[in-house]
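Asks: Full structure from sequences and hints, please.
As you go down the protein sequences, you meet chains A and B in turn.
Just so you know, the working numbering puts 109 at position 109 of the first sequence, and the rest follows in order with no gaps.
Just so you know, the working numbering puts 33 at position 33 of the second sequence, and the rest follows in order with no gaps.
Everything labelled a hint here was simulated from the structure, so no lab data went into it.
Some hints could be false.
[As the list claims (entries may be wrong)] Now the in silico label distances, taken between C-beta atoms and shown as ranges:
1. A:N220 to B:R186: 45 to 51 Å
2. A:T140 to B:S98: 40 to 46 Å
3. A:W260 to B:N57: 44 to 50 Å
4. A:G219 to B:N125: 25 to 31 Å
[Unchecked claim] In silico PhoX-like cross-links for lysine-lysine, where the CA-CA straight-line distance does not exceed 20 Å:
5. B:K97 to A:K6
6. B:K179 to A:K6
7. A:K89 to B:K4
8. B:K172 to A:K6
9. B:K4 to A:K87
Just so it is clear, CB atoms sit at the ideal spot from N, CA and C, and this is done for glycine as well.
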Amino acid sequence: MRTRLKVFFPLSILVVLVLLLPILIMVIASFQSTDGSFSLANYQQVITNHYYLKAIRNSLGISVVASAVSLVIAVIGAWALTRLSQKTKNILITLFNMSASFAGVPLAFSLIILFGNAGVWKAMTAAMHLKDSLEIYSLTGTTLAFTFFEIPLGIMFLFPVFEELNPEWREISAVLGAKPLFFFKKVILPVILPNMIEVFTLLFANAMGTYETIYALTGNSIVTIPILIGTLIDGGLTANIPLACTFATLFALVMTLIVWVGNRVTRSKREAA
Amino acid sequence: MTPKTSRRVAQAIITFLFIYLATPIVVTIIYSFSTTWVKSIVPSGLTLKWYGQLVTNPEFTTALVRSLGLGLLTTVIAMICFLPVVFYANVYSPSVKSHLRFITVLPFTIPGIILVTGLIQLYANLPIPKILILVLAISLLSLPMTYQALDNAFIGRDFRAMFEQALVLGDKPFTAFVKIIIPNIRAGILVAMLLTFTSAFGEYVLTNLLLGGNFETLKIYMFRLMQSNGQASSVLTTIYFLFLALISLILIIIMQRYSAPHKSPKEVPDH
Numbered sequence: 001m002r003t004r005l006k007v008f009f010p011l012s013i014l015v016v017l018v019l020l021l022p023i024l025i026m027v028i029a030s031f032q033s034t035d036g037s038f039s040l041a042n043y044q045q046v047i048t049n050h051y052y053l054k055a056i057r058n059s060l061g062i063s064v065v066a067s068a069v070s071l072v073i074a075v076i077g078a079w080a081l082t083r084l085s086q087k088t089k090n091i092l093i094t095l096f097n098m099s100a101s102f103a104g105v106p107l108a109f110s111l112i113i114l115f116g117n118a119g120v121w122k123a124m125t126a127a128m129h130l131k132d133s134l135e136i137y138s139l140t141g142t143t144l145a146f147t148f149f150e151i152p153l154g155i156m157f158l159f160p161v162f163e164e165l166n167p168e169w170r171e172i173s174a175v176l177g178a179k180p181l182f183f184f185k186k187v188i189l190p191v192i193l194p195n196m197i198e199v200f201t202l203l204f205a206n207a208m209g210t211y212e213t214i215y216a217l218t219g220n221s222i223v224t225i226p227i228l229i230g231t232l233i234d235g236g237l238t239a240n241i242p243l244a245c246t247f248a249t250l251f252a253l254v255m256t257l258i259v260w261v262g263n264r265v266t267r268s269k270r271e272a273a
Numbered sequence: 001m002t003p004k005t006s007r008r009v010a011q012a013i014i015t016f017l018f019i020y021l022a023t024p025i026v027v028t029i030i031y032s033f034s035t036t037w038v039k040s041i042v043p044s045g046l047t048l049k050w051y052g053q054l055v056t057n058p059e060f061t062t063a064l065v066r067s068l069g070l071g072l073l074t075t076v077i078a079m080i081c082f083l084p085v086v087f088y089a090n091v092y093s094p095s096v097k098s099h100l101r102f103i104t105v106l107p108f109t110i111p112g113i114i115l116v117t118g119l120i121q122l123y124a125n126l127p128i129p130k131i132l133i134l135v136l137a138i139s140l141l142s143l144p145m146t147y148q149a150l151d152n153a154f155i156g157r158d159f160r161a162m163f164e165q166a167l168v169l170g171d172k173p174f175t176a177f178v179k180i181i182i183p184n185i186r187a188g189i190l191v192a193m194l195l196t197f198t199s200a201f202g203e204y205v206l207t208n209l210l211l212g213g214n215f216e217t218l219k220i221y222m223f224r225l226m227q228s229n230g231q232a233s234s235v236l237t238t239i240y241f242l243f244l245a246l247i248s249l250i251l252i253i254i255m256q257r258y259s260a261p262h263k264s265p266k267e268v269p270d271h
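Replies: Given below as structure tokens:
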């Protein structure tokens with residue numbers, strides 16, 4: 001028992017100091033008004049203020065579209081990856097990992113260089129007298145930006161699932177007379193669908209929590225929940241940390257629920273099998 | 001589809017994905033070497049001038065040193081917190097692993113922007129150096145990566161037998177751990193350290209909001225340059241990319257060299 005205590009000591013200290021205590025204080029603060037008394041005013045503001053509702057709508061819109069598109073591409077990419085040789089797979093996984101780490105300020109800057117107002121795309125289309133309608137600082141542009149880290153992330157999550165599919169299943173079902181589409185619908189889809197749901201919840205949660213990329217790309221002009229929290233913390237005169245705590249509490253609660261449900265889906269399937 | 005065509009299709013898909021993901025990076029790298037690039041298909045000329053300007057700027061060196069320091073400290077803390085736990089969980093008590101799984105979804109349920117809100121609420125007015133809180137918080141956020149990389153290192157060999165033989169032969173647990181276990185998982189430890197270091201080196205959200213931009217790391221410097229000087233910022237982005245590429249190259253070399261003994265996880269019974 002004493003060794004066990006020693007082994008877990010450093011990790012426990014870390015978790016208590018920078019996770020449990022801050023989250024606990026954050027939840028408490030979310031129920032406080034500016035003078036410190038208990039109130040539900042913050043929560044009431046979240047659901048009545050138009051500006052805040054818009055932030056929630058933007059966040060949901062960008063995240064649903066970006067993670068759905070990225071999931072579809074990641075499924076295709078993960079399948080393609082399993083067809084390659086072991087050595088190539090290892091290298092590609094590392095490269096996908098790298099391109100996911102490129103997210104944030106560097107990605108936003110690269111996209112501005114490519115698609116921004118003084119960017120290379122504009123320079124090229126101007127030189128070729130083409131009309132260009134891509135606006136990188138918009139909602140669409142932001143959603144596009146998110147795919148640059150959501151696709152590699154999705155591939156890294158899905159690849160192990162596709163690796164476990166047995167290539168013999170295909171031959172067996174072909175011998176038994178199944179058409180490829182039937183095989184896909186009746187054999188492959190039931191196996192990967194729960195995993196796709198789980199990966200979707202993770203990609204969605206990841207997009208919902210993205211601050212750096214969107215802040216670097218658009219400043220505060222496109223309001224999402226993380227951007228709003230950032231302004232509430234950092235905004236000088238308009239700073240309102242208790243309100244930031246309310247948003248953060250709701251965020252953590254909803255995301256925990258979603259990720260938990262996603263996790264359940266794959267687990268119950270696995271236990272049934 | 002025959003296996004051959006399906007392989008061709010797979011190669012085409014991966015190539016296309018790579019072009020998509022790499023284009024912004026490649027364009028930024030070209031931009032960093034170009035004199036000007038306005039209203040033309042290719043840049044007007046190539047130069048190394050912007051590199052000279054950035055690298056000799058003391059602001060760059062300071063930011064680089066800060067990021068390196070943050071990365072190193074975080075790596076050390078993450079290893080101290082996790083190495084013993086992952087060892088213990090794998091060797092003595094696999095049931096602990098299911099409890100540790102909450103850590104792997106942490107970045108999704110409590111991302112940086114949420115964690116920093118709690119940290120500010122708790123520590124803003126306490127007389128504790130913010131930089132200490134920052135290092136601890138970054139360590140916490142990089143734990144999922146550290147955990148998974150370390151956990152992989154324990155796949156496929158009987159570490160319990162090794163460890164207990166050392167104990168029987170008279171080693172103290174700590175000595176046995178350092179002498180027997182660490183050398184056997186050194187590749188896994190190295191991978192975990194590199195991944196942890198990279199994530200801390202590139203941290204932005206916590207550093208910016210917790211310290212209010214007063215502690216200018218490489219990413220914060222990059223953001224500031226981005227607002228004022230596109231050329232300098234493209235140079236810094238290229239340097240950052242090269243750093244990531246170097247780390248990836250090291251990871252690939254480690255994997256190629258050490259993947260042989262526990263290459264196919266499918267053969268591991270407790271998978």
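Asks: Honestly, which of those hints from before does the structure not fit?
Replies: Violated hints: none at all, because every hint is consistent with the structure.
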